[in-house]
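Protein chains: 2
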Amino acid sequence: MAEPARMTGVLSPVVTPFKKDLSPDVARWIRHCKWLISQNCGLAVFGTNSEANSLSVDERIEMLEKLGASGIDPKMMMPGTGCCAIPDSVKLTKAAVKLGVGGVLMLPPFYYKGVSDDGLFAAFSEVIQRVGDARLKVYLYHIPPVANVPISLPLIARLIKAYPGTVAGIKDSSGDWKNTEAMLKEFPGWGVFSGNELVLLEVMKLNGAGCISATANINPGAIHKLFANWQSPEAPKLQEQMNDLRLAVSKFPVIPALKQTVADHLDDPAWATVRPPLTALTQEQITGLRAALKDRGFTMPGLREIALQPAE
Amino acid sequence: MAEPARMTGVLSPVVTPFKKDLSPDVARWIRHCKWLISQNCGLAVFGTNSEANSLSVDERIEMLEKLGASGIDPKMMMPGTGCCAIPDSVKLTKAAVKLGVGGVLMLPPFYYKGVSDDGLFAAFSEVIQRVGDARLKVYLYHIPPVANVPISLPLIARLIKAYPGTVAGIKDSSGDWKNTEAMLKEFPGWGVFSGNELVLLEVMKLNGAGCISATANINPGAIHKLFANWQSPEAPKLQEQMNDLRLAVSKFPVIPALKQTVADHLDDPAWATVRPPLTALTQEQITGLRAALKDRGFTMPGLREIALQPAE
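Each protein sequence line maps, in turn, to chains A and B.
Start counting the first sequence at 1; every next residue gets the next number (the working numbering).
Start counting the second sequence at 1; every next residue gets the next number (the working numbering).
Bear in mind the hints are in silico, worked out from the structure with no lab data behind them.
Just so you know, not all the hints are guaranteed correct.
As the list claims (entries may be wrong) - Per the computed footprint, the stretches of chain A lying under chain B, defined by three or more beta-carbons under 8 Å from a beta-carbon of chain B, are: (1) 76-90; (2) 97-110; (3) 116-127; (4) 142-151; (5) 157-171.
What the hints assert, rightly or not - Derived PhoX-like pairs (lysine-lysine); straight-line CA-CA distance at most 20 Å: (6) Lys113(A) <-> Lys251(B); (7) Lys66(A) <-> Lys19(A); (8) Lys161(B) <-> Lys113(A); (9) Lys161(B) <-> Lys178(B).
Please read these numbers as outputs of a predicted model, since none were measured by experiment.
Glycine included, C-beta positions come from ideal geometry on N, C-alpha and C.
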């Protein structure tokens, strides 16, 4: 069997702006998506950093349809579609496949803890079989610090064997390089993305697919530059600069920090809104974040040039 | 302000039977609910043991409407309505209140971990305000071993103060008696339910509301007997017998063990089906469970006498 096509590059778990009534602000969201695309950054919409699990499935489907109508190439999209309940994951995944997305990023069902690999295999199988579409490309989403339901190497091997070409890769948000390295070595040429850019150079050296990183919401150009130039002599320097920014931002609660940064760079305070249970940054945190970014000469080139168009 | 009415007694997080295609088997479910009611046991449908988070919101609403049409007094119902996304919790809570339920059991949004009390207060507030119905009685659901998002004593105090009469109680599934005791002492007369029957006598001595226990799915009569007779001399003995059964069942994965037991006592193997990511008991576990129950002379009195009526 031929090696299945895989998505590659840098993707952003796109942050989701909200209106005052906490409904998704689709116009601002699509504007941000368009800017990310202009920076060669793919759209992992509905990720952890997107507050996706704070959105109902219907909200996500409505947003996805509007994103599909925006003119952005759906092959650049990898929406998160994994929910606790199989019917929800099926509904969302079907909507994504219908749109022609490059892949979907699938959390395991994350309410029950300590479940077996047999149980997780059955859960992923049900979704894949019920979607029943040859176009489906599933990227598993391993994020034990948040989901608390890990995806083990033996489970991955079993899923790849059962659904070759469909189970196309993984995002490893364990934050554990040893685990990412093991995936890259055990499944060579498979679509392994690191969950942050701190190890992007190492991922590329082991023929990984790229990274899907929170910070790509604000620093996509620099991260893509390393992705595109990882074999050049300047790569270690690019990696170092990226890491410095990432680590500075990581000192703050990351989702509100990203949204605050977009708000600041657009002079658009509405962008800072988060949905409970998250909370916005305190004034002290905002001051600290701004100073850290200013010290590093941080900019978001071209952001203001993207037109805000009514989406509804 | 007068002390708000509170639900009291023994409630069961009702297990959810599934058909072969994994859709909810509403007829079998309502039959089980009717048996529980016949044993003086309230219906905490859509709890953890109900595999509620493996059901979509629409599935839960459809089931709830059918349960409402079954003739069972809705005041005996405390459906779980807490989801990760505020719109989902609002939709489900509204459906429950419309039915006239005695209360709802509300998980905190459980995807994001390490969230602040401010964030959780805002999340519960949004749901309560959006439901906006004076009939609403919220029982908070503290289950850190599964949700991994604890509900702290200061958060409870704040919610009671902000929504007196609405925030009516809590189910403490921490498994930590010190925590349950602290709730009972800090909020005297408030609706504190322990999450199991092992401490029911102690809960009653401190003027608690009762217990909501997995084992009430199969042993409701005995648990209710202690609830009704906690001041009698035989109470410690009743507690001891109940605990023996609970601890025997707890040696097995609890949800499949409960369903297997119902299946066995109805000679109805279909009852044993679980939704992934859960898995059914192994044959060895089934044999061990049956032996443990037989050793204890365990029965489910009256179960077979409840008629199975088509629900659809």
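Status of each hint after checking the structure:
| no. | hint | in the structure |
| --- | --- | --- |
| 1 | 76-90 | holds (count 5) |
| 2 | 97-110 | holds (count 3) |
| 3 | 116-127 | holds (count 8) |
| 4 | 142-151 | holds (count 5) |
| 5 | 157-171 | violated (count 0) |
| 6 | Lys113(A) <-> Lys251(B) | holds, 17 Å |
| 7 | Lys66(A) <-> Lys19(A) | holds, 16 Å |
| 8 | Lys161(B) <-> Lys113(A) | violated, 33 Å |
| 9 | Lys161(B) <-> Lys178(B) | violated, 23 Å |
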